[in-house]
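Trainee: The listed protein sequences correspond, in order, to chains A and B.
Take the position in the first sequence, starting the count at 1, then add 438; the result is the number in this note's numbering.
Take the position in the second sequence, starting the count at 1, then add 15; the result is the number in this note's numbering.
Do not rely on the hints blindly, as some may be mistaken.
[As the list claims (entries may be wrong)] DSS-like, lysine-lysine: derived pairs with alpha carbons at most 27 Å apart:
#1 A:Lys688 <-> A:Lys742
#2 B:Lys245 <-> A:Lys546
#3 B:Lys245 <-> B:Lys47
#4 A:Lys688 <-> A:Lys650
#5 A:Lys630 <-> A:Lys657
#6 A:Lys546 <-> B:Lys47
Hints are computed from structural coordinates only; laboratory data are not their basis.
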Amino acid sequence: MARKRYIHAINEALFEEMSRDSNVIVFGEDVELAIMGDMRGLVDRFGRDRIRNTPICEATLTGMAVGAAAAGSRVVLHMMFSNFIYTGFDAIANQMAKLRLMTGGQAKMPITVIASYGAGGSNAAQHSDSGYPVLMNLGGVNVLLPATPADAKGLLKEAIRGNDPTFFLEAGGRGGEQGEVPDGDYTVPFGKASTVRPGSDLTLIAIGSMLKPALEAVKKLAAVGVDVELIDPRTLVPLDEESLVESVRKTGRAVIADEARDCCSAASQIAAILADKAFRDLKAPVKRVTTPNVCMPYAPTAEKRVMPNAESIERTCLSIMSSPA
Amino acid sequence: MHCQTRSSPDTVDMLLGVLKASGSEQRMTGTKTVPARTQQLELFERMVLIRRIEERLRADAAAGNLPGGVHLYIGQEAVATGVCAQLQVSDWITSTHRGHGHFLAKGGDPKAMMAEIWGKRTGICKGMGGSMHVADFSRGILGANGIVGGGFAIATGAAYSSKLRGDGRVAVTFFGDGASNQGVFMEALNVSSLWKLPLVFVCEHNQFSEFTPSATVTSGEIVDRARAFKIPCTIVDGNDVLAVWQAAGEAVERARRGDGPSFIEAHTYRIQGHLEAEDLFLGGGKYREKQEVEAWRQADRDPILRYRAELLRQGIVGSELDAVELRVSSTLAAAMKFAEESEAADPELPFQLMFTNRTV
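Same shape as in the complex, but just chain A (with noise of 0.2 Å):
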């Protein structure tokens, strides 16, 4: 174990990967240069040939992913910020998402998808965008919003590797945060939700970027009692439904944290699942924090008070404790 950075730790992956498999190739607006942070040094190492600047038009990017991996390459296309990924989207949603499907299983499809998401740092609403609830549903994509550095390297590994497109989500600002990431050669499966912090009175299920402050928030619970579970589900499409299930069995009361917009957003659709599957052991309703339906303002006035935050998140949790058992 060592600690690392967030942004370290997505680099890592990549050199890891494109040292074990000659065929990775990644191309992206200003991937050269690496802007982001998580692609610095690849083409030094790899060349222009597997690392490469493309012009500015994400409709073909996304296409030309989609027909590099039919023709036998491992794609990495970086599309910078996610809301950038609505630019591409026909490919994304009529091509990458439906091909294994309608050629009845011919084409397999190694896509792995970079964009940065969330807002918080006045980029306002055309860069600031958590949009993954659209791509959980398309149906044919993996959905992938690491919250630490570890989860970072391991799950980025993992969708490299594998034949399906992914979408490998990275909360945005959050490249300097620290962790511990474990030496050596590793992955992270897919549809494995982790555990952060074990509890019984409540279950909290944080959302990528939504992490950190639930940390938080669970923090000043404890302080007054309440003994929170903190489970982050680390990837959305596959969903670990199992093991927030059973959570919520057992302590009975669930507040999920997201950051997309509350309407159709993956909140919603884990409070749906609890609704149908853990309804019997409910002591209290099942609460989303979310943003608002409003599009992300500029102001950092106006965006702290859109976005959910540790105190939304714990006066939430707390609003449910005070339910009749």
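Starting from the known structure of chain A, arrange chain B on it as the hints suggest.
Mentor: Then chain B, alone, in the frame of chain A:
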């Protein structure tokens, strides 16, 4: 290589007149080659196969026998046939929603295609894709596509991968005049020219963007869009299979040499509607005159009748061509029998296909 600009094609007669008058000038190099006699017969057989299969589909669509809609390629057979005859099995193609012709021309199995269209588990895509998505990756057929312009970027990506891997494969993207109005066309021209990708753009100008005459929704000449990216381009009579074959040969060779993409604009005509049974929802409206369609069915325009006459001129005897028709009939009958006798698609298959376990 040079580009030839044609005058505004307000009428198809005028267009064909330009093409015929220009003779060898429309060639990219001007060096005319002719396929060997056996290959000529193969070209003819492939065109006839596509035509007869689609005539059968037309009848079945009219009778309401098909599970879904079909977009037929009748009248455009020379384009797919002429281009694919210049490709290896391992070369890539991306096709359109009007994709049966490309599938068959690239060597796709007629039986598996018919079974697919009938929604059977023996279909080339196990009944999961249907008419609009026939694909055979083992033969480089990366799929027909329900999205107009959906193939540009896929072919660009395949060409990019093949260039990086140095596997010598060439990619061809077939698309229509309608797709040339998609923005991704410009993006793919830019990337492929910039990186000298082994890619051939084949614009099948069949005069219609779905239910709209293309001239009413298209500004300027499509070929000029490719020329802006310094891509060698040519306009060819798309109903002359030998002219298509010649142009494709030069473009494919250039791609294989590593010299980058080429652009071929093949002028043809969509005999059938955008899709079969369209009269049901056109509500009596029309977007072209019957006599215009009839003119394209005549012996001087129809690509198969024209080629048949050409082969007879070259001294191939009628009985050889009749034998081709017989072979095609038997292929079609076998394909239909196979489709009819096959079991319906597995309704549980979607749950198994969406994701795969990792294999590396």
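Trainee: All the hints need checking, so say for each whether the structure fits it.
Mentor: Hint check results:
no. : hint                  : verdict
1   : A:Lys688 <-> A:Lys742 : violated, 34 Å
2   : B:Lys245 <-> A:Lys546 : violated, 34 Å
3   : B:Lys245 <-> B:Lys47  : holds, 24 Å
4   : A:Lys688 <-> A:Lys650 : holds, 24 Å
5   : A:Lys630 <-> A:Lys657 : holds, 24 Å
6   : A:Lys546 <-> B:Lys47  : violated, 41 Å
The structure shown violates the earlier hints numbered 1, 2, 6.
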